[in-house]
Amino acid sequence: DAKTTQPNSMESNEEEPVHLPCNHSTISGTDYIHWYRQLPSQGPEYVIHGLTSNVNNRMASLAIAEDRKSSTLILHRATLRDAAVYYCIPDQAGTALIFGKGTTLSVSS
Amino acid sequence: ETGVTQSPTHLIKTRGQQVTLRCSSQSGHNTVSWYQQALGQGPQFIFQYYREEENGRGNFPPRFSGLQFPNYSSELNVNALELDDSALYLCASSSYLRYGYTFGSGTRLTVV
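For the protein sequence lines, the chains are A and B, in the order given.
As numbered in our numbering, residues 1 to 109 make up the first sequence, in order.
As numbered in our numbering, residues 1 to 112 make up the second sequence, in order.
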């Protein structure tokens with residue numbers, strides 16, 4: 001199984017960009033990297049996923065290192081609603097998502 | 001899209017009892033996964049069903065079992081409840097893993 005390492009917590013101010021790092025040095029060549037987030041008292045929510053190249057959607061951007069051993073989720077302008085636990089998950093050949101402990105992001109006004 | 005609906009939202013059971021949790025998948029989704037989330041922890045994978053067949057299981061004992069029905073709704077059954085089974089149980093559905101999972105809001109189970 002691909003192991004991930006994320007910081008336990010990060011802090012940001014509103015309107016500032018946030019870069020959430022993830023190391024996944026044992027990822028295999030075909031594993032996609034998924035990011036989910038979980039707001040308080042809710043189920044996890046899909047954020048973004050990618051394989052090799054950088055990806056953008058309306059929520060965030062995903063920057064994947066050339067060697068694929070790490071990735072960074074980028075929130076371009078943090079809002080209070082972005083305060084959540086963020087999970088980085090290699091999908092292990094298309095099987096079920098295996099969550100780690102994630103990074104708790106705090107956003108201050 | 002109707003999203004994923006779980007019922008009940010909260011439940012209290014006594015140790016040794018059995019419980020059934022229910023999940024209605026998002027329309028068009030044929031894969032459902034169940035997760036257990038203890039307080040302060042990330043969700044732990046229990047098992048996954050694809051077109052009514054179990055196709056993956058995490059490190060949970062056999063007293064955790066499930067079903068997926070032809071309409072792709074699903075049940076999680078837990079027998080012989082233990083105090084440590086107290087947790088938030090999450091259901092997630094997908095048409096294909098790499099298109100993303102949609103999660104329900106969960107069922108909060110308390111075993112006393």
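Hints in this document: simulated from the structure, not taken from any laboratory.
A few of these clues could be false.
Unchecked claim - With a cut-off of at most 20 Å between alpha-carbon atoms, the simulated SDA-like pairs for lysine to any residue come out as follows: (1) A:101 - B:77; (2) A:101 - B:79; (3) A:3 - A:52; (4) A:3 - B:58; (5) A:101 - B:53; (6) A:101 - B:38; (7) A:101 - B:39; (8) A:101 - B:86; (9) A:3 - B:8.
Unchecked claim - So the derived label-pair ranges between C-beta atoms look like this: (10) B:40 - A:15: 25 to 33 Å; (11) A:25 - B:77: 32 to 40 Å; (12) A:51 - B:65: 40 to 48 Å; (13) B:105 - A:106: 18 to 26 Å; (14) B:77 - A:28: 18 to 26 Å; (15) A:81 - B:10: 40 to 48 Å.
We put the CB at the ideal spot given by N, CA and C, even for glycine.
Here's how the hints hold up against the structure:
no., hint, verdict
1, A:101 - B:77, "violated (26 Å)"
2, A:101 - B:79, "violated (27 Å)"
3, A:3 - A:52, "holds (18 Å)"
4, A:3 - B:58, "holds (16 Å)"
5, A:101 - B:53, "violated (29 Å)"
6, A:101 - B:38, "holds (11 Å)"
7, A:101 - B:39, "holds (12 Å)"
8, A:101 - B:86, "holds (19 Å)"
9, A:3 - B:8, "violated (34 Å)"
10, B:40 - A:15: 25 to 33 Å, "holds (29 Å)"
11, A:25 - B:77: 32 to 40 Å, "holds (38 Å)"
12, A:51 - B:65: 40 to 48 Å, "violated (34 Å)"
13, B:105 - A:106: 18 to 26 Å, "holds (22 Å)"
14, B:77 - A:28: 18 to 26 Å, "violated (34 Å)"
15, A:81 - B:10: 40 to 48 Å, "violated (25 Å)"
Checked against the numbered hints given earlier, this structure breaks hints 1, 2, 5, 9, 12, 14 and 15; the rest are met.
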